[in-house]
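Visitor: Chains W and D supply the protein sequences, listed in that same order. Each residue of the first sequence is one higher than the one before, counting from 1 in my numbering. Each residue of the second sequence is one higher than the one before, counting from 1001 in my numbering.
Calculated from the structure, these hints are not laboratory results. Any given hint could turn out to be false.
[As the list claims (entries may be wrong)] In silico contact screen, one side only, chain D against chain W (beta carbon under 8 Å); selected entries:
no., residue
1, Ile1055
2, Ser1073
3, Cys1087
4, Asn1088
5, Lys1091
[Said to hold, decoys possible] Part of the chain W face toward chain D, derived, beta carbon under 7 Å:
no., residue
6, Met36
7, Leu82
8, Arg121
9, Val133
10, Gly135
11, Val137
12, Leu138
13, Tyr143
14, His178
15, Tyr179
16, Tyr180
[Unchecked claim] Covered stretches of chain W, as calculated for chain D (at least 3 residues, CB under 8 Å):
no., segment
17, 5-19
18, 85-91
19, 186-195
By construction, the Cβ of each residue, glycine as well, lies at the ideal position given by its N, Cα and C atoms.
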Amino acid sequence: MFGEKVLDLVGELKRARPGTIPPYNEDLTRQVIEEMRVLFEENLTDVSEAASEKEKATPKPELYPSIHLRHVCLERNQRGLLLYNYNRLVKLRDLRWELGSILPDEFRLSLSEQEVQWFQRYNRSLANYMRSVGGGVLDLTEYTQPPKTLHIEVRCLEDYGDLETDNGTVVQLKKGRHYYLLRSQCEQLIRQGILEHIQ
Amino acid sequence: MAESLEDTMDSDFEYRRMTIKEVVEKIEEAWQNEKLSPELLPAKPDLLECLVEHIKSLDESLSELSAADLVCSILKQELDRIKYVVCNYLKTRLQKIERYVWYYCDHPSHLSQEETKYAKEFASNLDTHLKEVVLQHLPTNFQDINKRKATLKPDTTRYVFMRALERKSNITIKVSGYSVTLDVEEGSQVVLPYESVSELVREGSAKLL
C-alpha cells in the first residue's frame, strides 16, 4: 500500500532508544522516493488525459478520484521524508549539547555525509553565537545540573590517566577509585562516561 | 569602556546603577519567566552585558586569590551559580528559537541581534540540509515545503500559573469563544491561558510560577 514504506522509516526513528541515532536508512529513503516518482508520473498521464479530452467531448471525471488519491499519498510521503530527516537532526543536536563538538565514532558511523556537514555547520554557528554573546566566558553547554556545591564526589569508571586541575596539580584517574573534585572540571568527563557522580 | 557604554542607552544606564544583587534578581526573574512561557520573551541584551562584565570581574578577582582562601571558594560558588542561571537562560531561549525557527525568522522582534543571526543561520542550515537529502530528489511539484502549513508556532493558548506583582484590572480572557474580564489584586495567583497575560509578563507586572 502507498505510504507504508515512509511509515516504516518514521517508525524506525521513533522506536530508537533515546540518546541514540539509528543508522541512516538510505535504502528505504530511496524506495520512498521511487514510489513518489511512479505516483507522480501516473498522475501526470491521468491529468493530461482528463484535461485534454475536453475537445473530443469525452471528459473523464472518473479519473479525478485516483488523481486525488495519488496526490494525497505524494504529500504524505514528502511529509514523512521531511519528518524523518528533521527529527534525525533534532537528535543530533541533542547529542551536540550532551557530548560536545566532537562526536564519538559510534554515532558518526550512523550519520549520512550530509548530516556530518550539517553538524559541522551547526557547531560553527553555535560557537559563533556563544562567542558573540558571552565574550568568551560562557559555555552554554557546560551546566546540565544546577551547581549545588563546588566540589563533588566521583567514581572513576575507566582508566583515564592524568587530569590537570585549574590550580596546576595533576590527578591520576584510575578505574574504581573515588575522587573529590571541582564540579566544573569533571562535568565533561561525567557526560563522557569516564566519571560517575556519587550523590 | 564603562564611560562609552554609559551613554548608549537609558536602560543600560539603569542596570549600571543597580547593585549586583538587584541585577542577579532581575536575571533570575527573567530566567523563570522564560522557562515557563511558551513563547520567547523580549531579549535583555543590556542586562546580559552587565552580567557578563560581572562574571569577568569575578574571574579576575579569583585569579588574584590563593585557592586555600575561604573567600576564594565562596566567590567561586557564587560565580558558578550566576553562570548557571545565565547559561540556562540563554539555552532555554535557543531551544525555543530552534524549535520554532521559521516562525521566529518571520517575527524577530523579541530576539537579540545575536539570536537573530543565529536563527537565520539555523534556518538556512536546515533548509540546505532538507533540500540536499530530500527535496531535490522529489518530483518537481514537491520540491518546496509548504511553510505556511509546516511552520511550528509557540502554543500561546497553554495555561500558565501566574502571580500578579501589582494590581491590574480588566484583563480580557478568551476561552473557547467566550470572553471574560478579570481584576487581579497584587500578590494574587491565577491560572490563565498564556495569551491573555502575555502583556503583563512582558511589562513585568506579573511573573510566571
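Visitor: Please list, smallest to largest, the hint numbers that this structure does not respect.
Guide: Violated hints: 14, 15, 16, 17 and 19; rest satisfied.
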